[in-house]
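Residues are numbered in the numbering used here as their position in the sequence shown, beginning at 1, plus a constant of 339.
Treat the hints with caution; some may be incorrect.
Computed cross-link-like contacts, BS3-like style, restricted to lysine-lysine with a CA-CA straight-line distance of at most 25 Å [as the list claims (entries may be wrong)]:
(1) K370 <-> K355
(2) K388 <-> K349
(3) K433 <-> K361
(4) K383 <-> K433
(5) K425 <-> K388
(6) K349 <-> K361
(7) K349 <-> K422
(8) K361 <-> K388
(9) K422 <-> K388
(10) K370 <-> K349
(11) K349 <-> K383
(12) K349 <-> K416
(13) K370 <-> K416
(14) K361 <-> K383
(15) K355 <-> K422
(16) K388 <-> K355
(17) K433 <-> K388
By construction, these hints were calculated from the structure, which means they are not laboratory data. From a predicted model like this one, the values you see are computed outputs, not experimental measurements.
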Amino acid sequence: MTTSLGAKIKRHRQEKGYSLDKLAELTDSSKSYIWELENRDARKPSGEKLTRIAQALEVTTDYLLDESEEPGDAVLKEAFFRKFSKLTVEDQEKISQMIDMWGRKG
């Protein structure tokens, strides 16, 4: 089954509980622009806009452009790593320590 860019944006926006206004704010876009992306397949965002939308929705641009329905494991890991990379060094270290502790269980 194929899923359009607009349908993916809308689904992930709703899953995150974002209004059109909120996603527009997070991506430095207008509410009407986001609505058009979701509802009119003719709109094609620029690479910069697509990147901002993907980051706000915690997916990758490749996933948004791919017609597959669900984000795969690699997409989710890449989105997580992108968020992790933006943390302070101190917070990255804390998370690394937590992962190490969880890895010792078992």
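### Query
Which of the stated hints cannot be reconciled with the structure, identified by number in ascending sequence?
Numbers 3, 4, 13 and 17 - these are the hints that the structure violates, sorted from lowest upward.
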